[in-house]
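**Student:** Assemble the whole structure, with the sequences as input and the hints as a guide.
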Amino acid sequence: MRNTVLALVLLVPILGAGATAHAQGGEVPAPPPAVAHPLLAPLTDDARIGLTDLDPSVPSPADFLGYSLGSRFTRHFRVEDYLERLAASSDRVRLERYGETYEGRPLYLVTISTAENIARLDELRADAMALAHPQDLSMAQRTRLLDHHPVIVWLAYGVHGNESSSTETSLAVAYTLAAARGDLADALSQVVVILDPLVNPDGRERYLQGYLERRGREPDAAADSMEHVEEWPGGRFNHYLFDLNRDWTWMTQQETEQRIAAYRRWEPQVYADFHEMGPDSSYFFPPPAQPVLRDIDRRTVAWIDTFGRANGSTFDFYGWLYYKAEVFDLFYPGYGDSYPSLRGAVGMTYEVAGGGRGGQVVERRDGRLTLADRIARHFTTSLATVVTAAKNRRALLSDFVASRTQPMLDPVSTFFWKPEDPESRSLADLLRHHGIEVRRLARGTEVSAVEVSSGKATTVQLPAGSYTVSTAQPLGGLARTLLSREAEMPASFLERQRERIDSYRDTEFADITAWSLPLAYGVEAWMMSGEPEATEALEPPVSGLRGKGDYAFLVPPQGYGGYRFAAGLERREVVFRLALESFDLGGESFPGGTLVIPALGNPPELAEILEDLARTEEVQVVRVATAFTDRGISLGSDQVIAVSPARIGLLGGPGVARTAHGALWHLFDRQLGLRFSRLQLDQLGRIDLDGYDVLVFPGGDAEGTLDEGAKKRLAGWVEDGGLLVTSADALGLLHDLELSSVEEWQPEGHGTDAGESTDDPEAPAMAETPPGNGMSEGDDETHGGNVADRPLDVPGAAVATDLRSGSPLGTGMRHGPATLILGDRVLEATGDPRQDVLTVRANSPVIAGFAWPESAERLAGSLLTSVETAGRGRVVIFAQMPPFRGFWRATTPLLLNAVLYGPSMIEAGALP
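In our numbering, the protein residues as written are 18 to 929.
Mixed in with the good hints, there may be bad ones.
[Unchecked claim] Straight-line distance between alpha carbons at most 20 Å, and here's what the computed SDA-like set of lysine to any residue pairs gives:
#, residue 1, residue 2
1, Lys-729, Gly-708
2, Lys-473, Ile-453
3, Lys-435, Val-318
4, Lys-435, Ser-470
5, Lys-341, Glu-605
6, Lys-435, Arg-456
7, Lys-565, Phe-593
8, Lys-565, Ala-642
9, Lys-341, Val-318
10, Lys-728, Gly-888
11, Lys-341, Arg-513
12, Lys-728, Gly-666
13, Lys-435, Thr-422
14, Lys-435, Gln-637
The set of hints was computed from the structure by calculation and includes no laboratory data. Computed from a prediction, not measured in an experiment: that's the story for all the values here.
**Tutor:** Below, the structure written as structure tokens:
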């Protein structure tokens, strides 16, 4: 059934122009006929890659562009031009625009198959949707589709913009599939190939612009030359500096949302994601490293091995180096291989040497690596993937259907959460965007369940309207992965990591180990065995004005929606106040954090303004007729403070951690619509800081970036009443300026200066992955030989927290939020209840993900958020700056309360 028909058998006839002296079994095949421009520029090993039997009526990219691929870079608009020409020239090709980037660049899919398949593409797409929902198919329908439907192969190029060979490869692949005759043309009858030629054009154009600005008449191969060094922020990320290869599950970015919508219209059986790594590496393709998520179907994992062997055969044929299974696991669910795998596709990552330092040519330890070399290797695995899928069409379809059926055969679990949590609807909407079915309880019920945050069995009374997600659906495994408290890691993997730590080597944790969406969204959730009775479909959220009265309008905390509403009030110049304590009024309870909008002092058309804004932001506003409350503070209390628009500066530029800056930039700009300015850190000494009430430092190396004059100006601004909201990366600077007394945990008598960042914000890889837990040779002399006496990284674990009751920064928060811990920094609590706003729970602090026992012990009771007085100003420090990757919302209210309302709290004397 799974006869792989090794790529050596399949691709040698197809790529017959490419064999070198490494070819097995006889003479080197003749080169292809001469053309005006060969498809690829010459390779360093003289291999020739390309087909000999091609349709001359189909324009090659080399002839259209006027140069061989690999001899220079192709800009986005020229990629568009060629693909449009290709689609117009071949009845095998359809070009579709599926979205656009934040900078307005179009995103395309190129669909390639036989002319007959392209002519009935809409029918094939409908059949693909039917296969993805096998519970709705009769056996006869299933058999017909398995017998005749082509396998869908999705090839994605360039999710990281500075991994620049991928898009060049996509042009070569698109042309070859469109123009091929013979064996490869025959294979297209069994497959529909979908190419995403340029996943991240904003990042790639940023990379190319910087590279071309620094390149001379000829490319310089010296790895240290300017053209091989990217300036801040580099090209890896999208416009808002998000790593799109880590955003699949969280869908925070416009490009991701559009791509998943396009993905769901096809639900491919094979998904290959093309990347680059360091220039001194060789080539990686699957099988992946351990660990692998348990909810990835074992059949899918077996197919990954099949494709890896096919790729290995083609590389063996050319004598090219490669490796497998050593790095690049399938554990973090937000990658471009793990996420498709959770949907039933054979998800794979392909990595070629090069990366941001690759340029057009770079000197390696063993010789030169050219852009054409990188294209050739990606081109080869692309075609090997297509042909392997074509030869295994029916078996791939059958196992895809089986993987989408399996969740409905396995024991069923159901997840619940109540509707009153501020982000409860946002969580439901995110799951629905993935295609996961979310329902609501038609009536209240009592269930025996396990609390997600603690793992403890309990009995819970769920009201009508509670959200429910059953795993008995085609994406049940994806739902369980996203909603469970944590994913299981094999004991053997953890044992190996402990051995590595004990021998002073880096660990192999590739990314964070906790991502439970109920924890990340601050939503209380439970899981039960089986399914509840009486559920109903979701209705659109209720928003707008309700109640009676014209004295004032109340807006209780409603997650990000409430903060968007506040920003909208400021844009419309509506006067409002913020309640710092709870109260009851008109038979309803209103928590601290409620916005109070009095009619007095506002425009006569206030109700209409609020109705429009409430519907836009999907929040509820309550009308009241009196300030006389039934319980708690009155609406005229000193604890209901006037809010003035805060003048906000977000620090960025060299010296600032890219992704931390990007997360805040996107939060302020796109998610909340705040008014703020982005300020360059290394220019701070030249900026009139009196124009700002709040400065936000996301993280990085402020101490090493600011000169002495800028440091003094910053200190003076804080002491004169400014509010500095900062990552703990700035602790060293804050100590030097006598703005903070917070101390960082250090091994007794050893360690680096407090506040020195353990992560280099200018690191070339810019990979946003946790550093290893190992130590360099000799570090045992610096930190001590025992594990307990040296820094230990936490690979993204979630901890339980205690929120200081009555803290103004915690207004609107019902309890301490689960907090993601990443890295080795631990801050020591001061013991001052006015200063220690959020601390890690002292007992059993780690509630999800992995942390070494020594890390958990030192985290217990440690400080996560503090506020300190400095002259007339304040300094708010976050040990972990929210919102991590834009999705960990639970801790973000602390940040937003400081940034939006902190200056008003200071003015009112409410912030200690």
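**Student:** So which hints don't hold here, by number, going up?
**Tutor:** 2, 3, 5 and 13
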